[in-house]
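Trainee: For reference, the chains in residue letters:
2 protein chains.
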Amino acid sequence: MSRNRLIYLPLGGAGEIGMNAYVYGYGPEDRERLILVDIGVTFPDMDGTPGVDLIFPDITWLKERADRLEAVFITHAHEDHVGAVAHYYEALGAPVYARAFTANIARRKMDEHGHPEDAVTTVSAWPEAVEAGPFRVSFVPVSHSIPESSALLIEAGGDRVIHTGDFKLDPSPVVGEPFDPDMWAEIAKPGVKALVCDSTNIFTPHDGRSEASVGPEIEKLVSDQKGMVVATTFASNVARVKTLAEAGERAGRSICLMGRAMRRMIEAAVETGVLTGFPKVVGPEDAQAIPRENLMLLVTGSQGERRAASAQLARGKFHGIEMKEGDTFLFSSKTIPGNEKGVIRIINQFSEMGVDVIDDSSGLYHVSGHANRPDVERLHDIVSPQMVIPMHGEHRHLREHVKVAQAKGRTGIVAVNGTMLDLSGNAPTVAEFVETGRTYLDGSVQIGALDGVVRDRIRMALNGHVIVTVILDDEDEPLGDPWCELMGLPEIGRSRAALVDVLEEDLSQFLNRAGTKTRADDNALEKELRRVVRNSAQDEIGKKPEVTVVVSRLS
Amino acid sequence: MSRNRLIYLPLGGAGEIGMNAYVYGYGPEDRERLILVDIGVTFPDMDGTPGVDLIFPDITWLKERADRLEAVFITHAHEDHVGAVAHYYEALGAPVYARAFTANIARRKMDEHGHPEDAVTTVSAWPEAVEAGPFRVSFVPVSHSIPESSALLIEAGGDRVIHTGDFKLDPSPVVGEPFDPDMWAEIAKPGVKALVCDSTNIFTPHDGRSEASVGPEIEKLVSDQKGMVVATTFASNVARVKTLAEAGERAGRSICLMGRAMRRMIEAAVETGVLTGFPKVVGPEDAQAIPRENLMLLVTGSQGERRAASAQLARGKFHGIEMKEGDTFLFSSKTIPGNEKGVIRIINQFSEMGVDVIDDSSGLYHVSGHANRPDVERLHDIVSPQMVIPMHGEHRHLREHVKVAQAKGRTGIVAVNGTMLDLSGNAPTVAEFVETGRTYLDGSVQIGALDGVVRDRIRMALNGHVIVTVILDDEDEPLGDPWCELMGLPEIGRSRAALVDVLEEDLSQFLNRAGTKTRADDNALEKELRRVVRNSAQDEIGKKPEVTVVVSRLS
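Top to bottom, those sequences are chains A and B.
In terms of UniProt numbering, the first sequence opens at residue 1 and continues consecutively.
In terms of UniProt numbering, the second sequence opens at residue 1 and continues consecutively.
Treat the hints with care, as some may be off.
When chains are identical, the list treats them as one kind, so a pair holds in a single copy or across two.
Here are the computed lysine to aspartate or glutamate pairs in the EDC-like style, where the Cα-Cα straight-line distance is at most 20 Å [stated by the list, open to error]:
1) K543 <-> E112
2) K543 <-> D53
3) K543 <-> D451
4) K109 <-> E271
5) K543 <-> D45
Keep in mind that the hints were calculated from the coordinates and are not lab data.
The shape of chain A in the complex, shown without the other chains:
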């Protein structure tokens, strides 16, 4: 019988920012009992994933071993950590554990998918622990930009691993527990085999700033404004929403929350007791009656999302409220790379209305929820692990994080998605490479990233689409002329005639010339008709469209 081993296998989040999913296993090789930490999503974009609704990690490896999965642990309620929990619940069939706020959000997702709410179990913070097969797992409070974020203390076979989740070291996080170095030192004291550690801000060289530092700046800003003030931040940043609301209240303004996500997050925070003392809010109907200098809206859409409250206000009236010359719009948020154009769009729309927009370029009105390099180093020092395994970050972040660990004489290794590490020895070793990737939620269907569906969409978007219809009789003679339909292509090309006419004429000429052998063979005929269209279009409009050929044979 083989020895027991402790393995770590990222299926998402390692080599990218987003869709976190990390497997740990303990037991004899290939018979390890497993747990999953986080099961998140990534958001699609027009560049690479047009029409896709959500992106999931491809967890085929884990699904095939679902009988060995003891439990799923969610570190916090950001979508890139919890977003796929309901979508994968049936396939995994394992109980889900989280702290109260996270569990509340996870249960809402379960409910939307018709899964039982008791699939999610609420766990209190360390020293409470969940026994899951050979594992014993505790939730260790850390600070982040959402309530009740937790690192996990994972114990198995006498070894102890700390998986940080997303974290920062904040002595005054406004909502939730301050970072408690003494508690961390106590937890680390018996020895930590591996620190599996958030890497997203490893390139930021300066000390992190506390959530509490933005409050006075926002208060000052709000109290200086004469018109209506509208502020946006990430809806899940409950501490920030509270800070904004309190700043508004102190400036004598009524607070109105707009946008479903924001109302839901505040509701969850209140329900679970993590948020207390939130200022009284008014509904949009009542807000309309309040003089604008006495009103402050807190709205969704910090990333310029087209359907969020901020974008609606930028386009005009939203729930009866309209921004005007002299009003102020505050981004208490950073723009996530890739969202710049959407954010800039609404800033310019506000500018056209005469609304002053204040963004984060001053650095006064937003702080990051992730540990910068000095704080990562500090955590390394407090935990003093035998090895550092960087997680959650692109390759460049993981690599830099290893360098940071090595600079202090620690062992580190870059392990991207699919890299199974054996943590049993004194240093991590690569046990295996597992095939990983992405799965798309497309409408109501899950499709593989390599299925070709999205590739075909991108091709149609770049090249346009021509549909050729040909009808042949039972002697392979054309019945009438070939017919073209164009979609996403210019109407007129080089010869100043309609492109559709030119293509049909060229197809007709080809078909009249074509031998019976070609006409009798569907594949050959399709191939040739496609070639004719592509060459003819290239000549006319300088591009080769996608071509679908429909050959109908009447008999």
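Add chain B to chain A, keeping to what the hints say.
Mentor: Chain B alone, transformed into the frame defined by chain A:
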């Protein structure tokens, strides 16, 4: 007879960054003689303009008045100022004027389009002037991130306007003339009616930095590296390319230029005498034989463009050269909003190779070519114009620039594309709003932004495309079953059967049920078949595809 008036009409670049095109006119209303300043392009993206090759300002207004156009003046050779000069040459039929380097680039474009090279006339700097109808125009040297950038002094009917083009105030620009405040003061002395002024960096509050300041930092960096050094910047930033090359040479490295755009820009700069003393370069073939610690490549692709040299090197061997662990890649450039993902992609590819990437986050290795707010204010003070007309910038930039002008008691006005201003009086007045927009170069064809071509492409990309073929006989009876082709759609939906089978079955059932009236009416039949497909797909896969229906009637 009506009085003469001086008008200003931006057709591109005002209300956006990119595709600059500004009309000035002088004469009686609607009979003004016209000049055009700059004729640039904007680059398309997958989000809004998939498949498009270039975006031009829609200059229909000017084309319809081409008989009144005296000349085109190009301030500098960036694509957003000169990129459309050849595409619109025939439609405008006016002579083009530029300084030597800009003219060299413009002539290359003319040549590629088969236009005569003498369409472009080289002009020396102020006090030389071009007479163009009632206008007298001189090129006033300014600093920017490309050689021989110029403001224009535009004189007509006794009034004097300064159109800055893109500019910064650089006392030591490495290549080209330093900013000369005395010359500017002299030019301004007789009085300036309007300063039409670059707005792109108006939100940057700190003093601008000189191009010369990056040299010592780059030298230090390069001399510290042990492996090969590869640096990228904007190819047209000839000063920066020179700075990089000199830093490499001083560190004992041979310099190799890679990428067509970079070689072409250096060639143009040498040909026109603006660049002298550029270090000796080696070709890629010779570079292969040089030890990597003695080699420095200067490459195109600072924006992560897939086909540029940087992206090729990130993917593997390029012209026989491959980057390796221990090499260094330097971005001596900023990432233009919207290009973040492409840049991050290649950074991670380099990271996987073990290449250290140094970007601009330290602020040491790149400076902007545009005037920050203090420099804009300084130019306002030097020129002391009667009015400030902000140009080149999004709405938010133009609006802020007006505020900056007003703060010092000057008159300013936001005039976005299509806003014709009458500058004749003491303050600018809006004379008219002209319809403007964008035109796309798509393959070899120009299409209107509102033609629906791109809209259809985006719809296919988001929703997929179903093609339905139905054949009816002369009594409107179906010949065989309806046939579906799918493109960009999942193969299997909710019922676990092939989507194409489900759609064809539903179409078949519909067709059998359909009355003869529907079957006899092409429009009604198409509409109903489309509805069946969309509903059926919604049910199966949760999305409604684009549908093309081809009804063939045999008689």
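Trainee: Between copies, within a copy, both or neither: which fits K543 and E112 at Cα up to 20 Å?
Mentor: For K543 and E112, only the inter-copy Cα distance (19 Å) is at most 20 Å; the intra-copy one is 45 Å.
Trainee: With identical chains, the pair K109 and E271 could be close in the same copy or across copies; at 20 Å between alpha carbons, which is it: within, between, both, or neither?
Mentor: Answer is within: at 16 Å inside a copy they meet the 20 Å cutoff, but 66 Å across does not.
Trainee: Pop the pair K543 and D53 into one bin, within, between, both or neither, using alpha-carbon distances up to 20 Å.
Mentor: This pair counts as between: shortest inter-copy Cα distance 10 Å, intra-copy 30 Å.
Trainee: Please sort K543 with D451 into within, between, both or neither, judging by C-alpha distance up to 20 Å.
Mentor: Only across copies: K543 and D451 sit 17 Å apart there, 25 Å inside one copy, limit 20 Å.
Trainee: Given a CA cutoff of 20 Å, do K543 and D45 count as a within-copy pair, a between-copy pair, both, or neither?
Mentor: between (25 Å within a copy, 17 Å between copies)
No hint from the list above goes unmet by this structure.
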